[in-house]
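I would like the entire structure built from these sequences, with the hints used as guidance.
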Amino acid sequence: MNTWIEKQRHLIDFTVASLARRKGKNLGLLSIYGLLVFVLASVALYTHALRAEATKVLAGTPEIVLQRLVAGRHDLIPPGYIERIGRIRGVQKKEGRLWGYYYDSVVKANYTFMVAPGMKIARGEIVVGPALERSRGLAAGNGISFRSYSGELHTFIVADVLPQSSELVSADLVLMHEEDFRAFFKYPEGHYTDVALSVANPQEIKNVAVKLMNALPDSRPILRDEVLRTYASIFDWREGIMLALLAAAILAFGILAWEKAAGLSAEEKREIGILKAIGWETGDVIKMKFWEGLLISLLAFLLGYIAAYLHVFHADAVLFEPVLKGWAVLYPRFTLTPHIDGLQIATLFFFTVFPYTAAVLVPIWRAATTDPDTVMRG
Amino acid sequence: MLELTNIRKAFNQGRHNEYWALSGIDLAIPERKVTALRGPSGSGKTTLLTILGCLARPTEGRVRLKGEDISGLPERFLTEIRRQTFGFIFQQFNLIRGLSAIENVVLPAYPTGRPRKVLLERAEALLADVNLGHRRDAKVEWLSGGEQQRVAICRALINDPEALIADEPTANLDTKLSKEFLGILERLAASGRTIILTSHDPMVVESAVVDHVVTLRDGQIVDEK
Ligand SMILES: Nc1ncnc2c1ncn2[C@@H]1O[C@H](COP(=O)(O)OP(=O)(O)OP(=O)(O)O)[C@@H](O)[C@H]1O
Ligand SMILES: [Mg+2]
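Chains as they are written, first to last, in the numbering used here: chain F, 340 to 717; chain Y, 646 to 870.
Bear in mind the hints are in silico, worked out from the structure with no lab data behind them. Everything numeric in this text was worked out from a predicted model, so none of it was measured. For glycine and all other residues, C-beta sits at the position ideal for the given N, C-alpha and C. Treat the hints with care, since some could be wrong.
Said to hold, decoys possible - Ranges between beta-carbon positions, derived for each pair:
hint	chain 1	residue 1	chain 2	residue 2	range
1	F	THR686	Y	ASN817	51 to 57 angstroms
2	Y	ARG707	F	LEU682	58 to 64 angstroms
3	Y	TRP787	F	LEU649	39 to 45 angstroms
4	F	THR709	Y	ALA773	32 to 38 angstroms
5	F	THR709	Y	ARG707	21 to 27 angstroms
Okay, structure coming up:
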């Protein structure tokens, strides 16, 4: 066992020394390879994080949101409006929602103030999202004052900070009690921002929407399914482009690997002959080359993956912007939640490290099985 | 130490360019002696050497190493025998370019799995022995022909083999370096190793270190003394 380990160490030593000899060539190979992994991993991480994000966003939203329009613009829901909807078959629950935007001049950021549905928050307390936690240095128990649009100062105690599970959903949220909300914005009593309706049967959503329009001609129902569909179509289109890029990249990589495979240099063949003549077994030579392929591909994989991770989660995938800009249709600006998936890494690993290592080994195997006596002759 | 009976070796057997490089060799290589193979170019010296050193298998005939028949062994075993029993000094030295002298020396020991520290110590001692201690980290392509050969000799000795095999060891050396080589040869012979070499060079073949001279012609032994 010990000699086995020692032997592998020798092989790796030799491999490293051997790689260092052809620095230019191997660095070139490493960078092309790393770049490929980078592109593949970026696409994978990005689309995966987006999907996860999207699922989270939409999971919590009601099937239908009803807005009231005045002169084509979103206006408040007046008292009695919700009652006018009356009983519509299939609607399980209808409730007025209260939310609004607040511009914090201290840190020059917009927050979404909201009365949390189904969440008990005491008067004078708020629950904030992770973005506020960061930008204003807030923690549970801290007090914070906001100057309202009418000029008064309102002070709140931070009761809790929302978990960072999805930045997109909760980053800029400030949840508060209804009375506090009305007082802060001088929101007229009995008015709401919009109405959320839950419909249990997806088949009925369309009908419900039609009935809503009939009952309240000045309203605009927004269906979750429609948002989803817009979302999906944008998504698929973008992904299609990415896949085309991907196919091109894989093709280029295949050519590279093949070239490397077919073009085992005369020098390399000579070296294999020497090693065999001085007592290396065919298996040793193959193992050495295997380590060589593995070292290069592992290193490329690591570098490419880490670069992709930084690119997607810390640089907002800037390089994809021209292709993926369409997302702004739905979400003006956001940072994706870092998300790593084991299966995804395994897949990526399999499709990059494995073919390369295999492609390198085949010609080596052929060279390594030639007779050792050839080195005796020039 | 080695016994060959009725060895024949064909190249490209069964094809139109079939060529019998050795045709019926019977030869015994004495232990702890220096044997030289000589003969005109193309007489089969190198071919015979590859069979003696287990680099190649004969087409016909038997090879016995210390009484044991090794002609039928699969390649794996031959490799192991080669590694343990023989050290090789090639005519073109066959060092691996880009690696330092000492890295070249330890190469044959890698498959043995001996600890690296031990190997480096031994390699260093061997290099010092042939006055190359100061060149240990030099890349082999920067070394002179004589220095390269001495590195090749150290490499042949790293696994402490019983026998050394050298093909035309002085072909690439001038007279002064050839003399130096004979000096090293003398020391190796005195240390009790079996040495087999081929040479055109009368200075080698006729020197006092050589105990046993075998003359080949057209793949056959024509003289032995
Ligand atoms: N791989 C091969 N295929 C075909 N013929 C070969 C091969 N190797 C050697 N030969 C032939 O076998 C014969 C013997 O070759 P060998 O190299 O043993 O001669 P040699 O005595 O060592 O010659 P030299 O003194 O020039 O080195 C030569 O005629 C050579 O052309
Ligand atoms: Mg020859």
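Status of each hint after checking the structure:
1. THR686(F) / ASN817(Y): 51 to 57 angstroms: This hint holds: roughly 55 angstroms between Cβ atoms.
2. ARG707(Y) / LEU682(F): 58 to 64 angstroms: Given about 59 angstroms between the Cβ atoms, the range holds.
3. TRP787(Y) / LEU649(F): 39 to 45 angstroms: About 42 angstroms separates the Cβ atoms of TRP787(Y) and LEU649(F), which means 39 to 45 angstroms holds.
4. THR709(F) / ALA773(Y): 32 to 38 angstroms: The hinted range 32 to 38 angstroms holds for THR709(F) and ALA773(Y), with Cβ atoms some 36 angstroms apart.
5. THR709(F) / ARG707(Y): 21 to 27 angstroms: Holds - the Cβ-Cβ distance for THR709(F) and ARG707(Y), about 25 angstroms, lies within 21 to 27 angstroms.
Against the hints set out earlier in the document, no violation occurs for any number.
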